[in-house]
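Q: Take a look at the letters that make up each chain.
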Amino acid sequence: MTERAAHIEVEDLTVRYGGATAVGGVSFSVQPGEQLTLLGPSGCGKTTTLRAIAGLERPTAGAIRIGGATVYSSAARIDVPAEKRGLSMVFQSYAIWPHMSVFDNVAYGLRVRRVPPREIDTKVRDALALVQMAGFEARPASQLSGGQQQRVALARACVFSPQVLLFDEPLSNLDAKLRGDMRIELRELQHRLGITSVYVTHDLEEALAMSDRIVVMRNGAIEQIGSPSDIYNLPRNAFVADFVGSANLIRGRLRADLAADGLTALETSGGQIVYGMAHGRPLGSAPTFSVRTVHLRLSPAPPAATRNVWPVRVRRCVFQGDFTQAHVTWGDRELIVRSAAMAPLADGQEAFLSVDPACCVVLEE
Amino acid sequence: MSEIRKAGATRRAVLKAGAAFAAMPLAGKAFAQPAKAPTKVLDFHTNADMAKVEQEGQLIFYCHENEAGTAAIMEGFGKDFPKIKTGYVRAQTGALYNKIVSERAAGRFDVDVIQLSDLAPAFDFQKKGGYEVYASPEAGGYAPEHLSDPAGAFFWTGVSFAGIAYSKAKVKPEEAPKTWTDLLDPRWRNAMSCKIPSSGIQFVQWYMFRKLYGPDYWKEFAKQRPRAFDSRVQLFDRLAKGDDKVCAIAEYAAYVLYKEKGAEVAFVAPADGLPATPLLVGMVSRAPHPEAAKLFVDWAMSARGQAFYQDNPNLVYGSLRKDAAPMRTGERLRDFKLLSPADYADYTASRDLFTKEWNAMLGL
Amino acid sequence: MGFARAQSILRARWSLPSAQTVVGGAVAAVAAVLVLYPIYFLFQAALNVGDPEAKPPTDYGFDNFAGLARYSEILLNTVGVSLAATVLALLFGFVTAWILSRTNVPGRHVLEQLMAIPYYVTPLLGAFAWSLLGAPESGFVNQVWRALGGDGYLIDIATPWGIAWVMALFEGSVAFVMIGAVMKSMDPALEEASQIIGAGRLRTMLRITLPLVAPGVLGAAIFVFAEMLGSFSAALVLGLPSRFYVVTTAMYQLVSQYPPRIPLAAAMGVSLFAVMFAMLFVYRRIVTRRSYVTITGKAFRPRVILRFVLLAVCILYIGLSVALPLLTLAYASVQKIAVAFPAAANWTLDNYRTATTMNAVRSALANSLVLGFATASIGVVLMGLLSWIIYRSRVPGSGIIEYIVMFPQAVPRLVFAFGMMWAWLIFPIPIYGTLWLLLIAYLTVFLPLGIRTISGVMLQVDRSLEESAQMCGAPWAYRIRTVTMPLLRPGLMAAWLLLFIASVRELGASILLMGPNAKVITPAIVESWFASSAELTAAMALIQTLVVALAMTLFVVLTRRATQLAHE
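Chains as they are written, first to last, in my numbering: chain F, -17 to 347; chain V, 12 to 375; chain W, -1 to 566.
Watch out, some of these pointers could steer you wrong.
[Said to hold, decoys possible] Straight-line distance between alpha carbons at most 25 angstroms, and here's what the computed SDA-like set of lysine to any residue pairs gives:
no.	chain 1	residue 1	chain 2	residue 2
1	V	Lys270	W	Lys334
2	V	Lys272	W	Arg479
3	V	Lys367	W	Arg487
4	V	Lys139	W	Pro258
5	V	Lys179	W	Arg68
6	W	Lys334	V	Asn323
7	V	Lys181	W	Asn365
Since the hints were derived computationally from the structure, they do not count as laboratory data.
Based on the provided sequences and hints, a complete structural model is requested.
A: Structure follows, in structure tokens:
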């Protein structure tokens, strides 16, 4: 099935409804065989973008190319209808047709394409086997559980070997355990088939686990594009820093005089000196560091390091199961620390806060 | 003595009976006389081409009668000529005439024969060229005053006349009205019925009483707040049930019908006379089934048809045919004193005034 | 790459319409013509101050409306009767809705089904029956009253209150459905909170339930009031003889008179239309700005004493609106002259004999059934497509189309037919006076009914079900056939049935548009009422009810079997 994997190009896509702009001038591309995830809070325009690629929404301006062919262009006044774009989509509500059997649901796309019945039979069985739903062919679709519907929807989407697979938050209606399992299955399937995928979700874990690259969106615009580790470790701005994992944002006056070993130093309003890394980003006079809560370390005794060590007072410590979250008073402000292996500290206790300078990342303004 | 006379400002000389084949062109519609002699069908003569009649196979009849009456006429004709499929529309004369005129104005010519209960619209229709001039071989059975002038447009298929009727259950015989002026007694307020203004006979009554008793009669009558209805059957239905006490325009035909049903109603024929209106049948021009239409006119005019009109309980018309048998009850028209307009031009001209006055009386 | 480029250039113009747009445009155009063409003529007639006979009109002006001042009594009558009827209908509807959704009255499910029946027993039948029951002299109730020693009469149905009563009995079931829907979506916890604090059932109803449902009830009130304004049958049967006119019956009179007073009738029609339009506009504003609490699907736990009293109340309503009228008509139809205490000689089957042999009845009934079948079948397709276009498609201008197809709701049927009379009389194709004209009239006036029913079901079909078919590559027509239609089937069946029944019982439009070969049963029954005996009319009415009931049962049986087969 890999020979159909296509390159998707989205250029300056704008979608406006009346006076409101849902998507404002978004551009990105998807490599063949890649899974790209659109990630963001609700209302950020990710679903609209996906539906525009699908052909279910008509954009206001821009261009979309799939496999080299222009399917939408406002300049050339082209808008290929959704059914002719050769894409496939898995919906949030699965959209399994209750009045048909599982077999008929999956076979639908093949029947539309006038595939001969014998071939349909083989392909449908193969697709169902692929999603571990072999043997369910005759079952009426209305009698399936959520997870089963999900798999059938997937089989239906793959069976006719589309160029591109689109996913619109397919796992959000499943319970947490099932979600975790399906995530892995989906990822494996996508790798096996090598189909180009565009995936929409608001769930960070999902995005990080499944994607080759992530597009973080907010208010109809792209905040950052990059691989999961890039997005996580090197957020470009405050929004991405705090949306993808939790982060403390530390702003201060640049202390170019203290720069050494490739590190950048800044001085906070509380007087602390913080060392971090610029990663080639431009430095203003008052840069901001993003420091992940999980990278901060709290210890009762002072650690060995010399840089980025400060005495703090623990204000509150909350046990959260997989990790413990501590709110500490650091100078004139509070920082949040998360740690998996930390003995809970008492309120008011004094401790030492430290962080590896490599984990303090300069944000682009 | 029954005296039904026609008079008009432009009266022509009375045509000799039996020679009513004057082919007077009307509004440019000349009708070529049939070259062949009339055929005998059943027991009467017709000038219709019977072969074509069979081909046409249909007849559309517009009639003022109530549903049962119109259906009865069609049934009677249909029984004699089963190959003709009959269809009808019934409405009170005013509404009926209005309908056919607006249809013709829009270019629709769907009607074969029309029966009206008032001379005013008949004259109007004749003037407009609405009637086909057809010389029926049966026309000889009628006095010229009972045919149209010039003959051939329509004829008087019967006469309907009305007196006073009251509910025997609600009205004691000593209280019952005896004359038309008795109807103005306040005791009949809100307990009297009459007909709606599109009724032919109601128009005649209004006109005749204006002449007899002066226009104030109707002003007083209005104070009685009578209820108006569409059909004589309805009027008698209400009398029979006691919903009304008195009916101011009780048609004899309905009285006969209800008497036979066993209703507790009584009929009064005031000495001043009974308003009467002719019932006029005529073939319509540009009829879709002209031969069937001719056949119907001949049938209606014939002794056979007239006997049907007289005997059918839903009709009970008085026939004007010279050789007609008595009515169902054994009486003849000439046994009643009938009132009808002398000056038809004046009569026709006062139509609008009647409608306005009558509507105002009824609150519309 | 070169081929793909060429492909995209070939697809250049998106002005090439898709199948969807073409069909959508055609259907919308048909709907627009159906609705707007007669309205134009209505307004033209109302503004015609020249010679009424001249076509086209020679002179336009507002004189006809000025002339309405003389008939202010009619306008007042209309408003008065409508108000009274609305109040009564709301009372019936509210009480029954409260009983059936807020208490544990026994037999709740059966009662709910029964509550729909008054809607099918039309106001016309009710008017006939109540006329037989409540005429001051001959009414059965009054005869019984006198037999029991009473003086004069107990009720007089031929009065404004009588008309309002009959109208309310039948419209009450509409109010019931609307208010019931509101009550069902209310959170019962709100009432329970009141009861826990100690307020009694009645107090809870008045202080909690009533204010919460008030906006919904207000919406229902406005809707019902607008319907009452345009009501025709009850006022025709009960009001006409006693010279009590409302706008619709006055228009009917004016048009059927000789000579007809068209301009005045048109002016009345336009005035009524304006008022109804305004009311429905207000109604839609209220409905779309829901301010009351709606929480779906919570089960409720009602409990109340006096369950059987409440059951009796419900049964009383159904009895008064369904059982009593039908029984009365049956009773009257087998007598020669209908009285409450008939003598032995008064019994007869002649009325039925006459009714079944009367050519008019048989052909009218046959016509009505054929027309009903045609209206329902064509209507379902037409309205289905229109619903799809308005609520599901991306065709531009769907908002305007929705407006147009809901238009007939604001126009009383009679007024609409009035416009149609003129509009289609001069139409080049000779459909005037034929069943075709009635078919067109029915399709037009039932647009709101059909579209409301179908779109209600359509909106429940999740959009993604169609979109996923699209993403599987299915073109528009294929999707409609394989996905949309099967899912809509229950709704389409319901719409078919509703349209069938509505067209067989239709009066206001048919009475003006019938022709000699195009008689239909309900106006024929009305004509019979005015021109023949009440007993014969009763027989005809019962025959019609029976035939419709049979047709409905047949339809339900057939469709149930079809749905079973489809699921095998």
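Q: With reference to the structure, classify each hint as holding or not holding.
A: So, going through the hints one by one against the coordinates:
1. V:Lys270 - W:Lys334: 12 angstroms, holds
2. V:Lys272 - W:Arg479: 61 angstroms, violated
3. V:Lys367 - W:Arg487: Roughly 56 angstroms between the alpha carbons, so the hint for lysine 367 (chain V) and arginine 487 (chain W) is violated.
4. V:Lys139 - W:Pro258: Holds, at about 18 angstroms.
5. V:Lys179 - W:Arg68: With a Cα-Cα distance of about 40 angstroms, the restraint between lysine 179 (chain V) and arginine 68 (chain W) is violated, given a limit of 25 angstroms.
6. W:Lys334 - V:Asn323: Cα-Cα ~19 angstroms, so holds.
7. V:Lys181 - W:Asn365: 43 angstroms, violated
Hint compliance for this structure: hints 2, 3, 5 and 7 are not met, and every other hint is.
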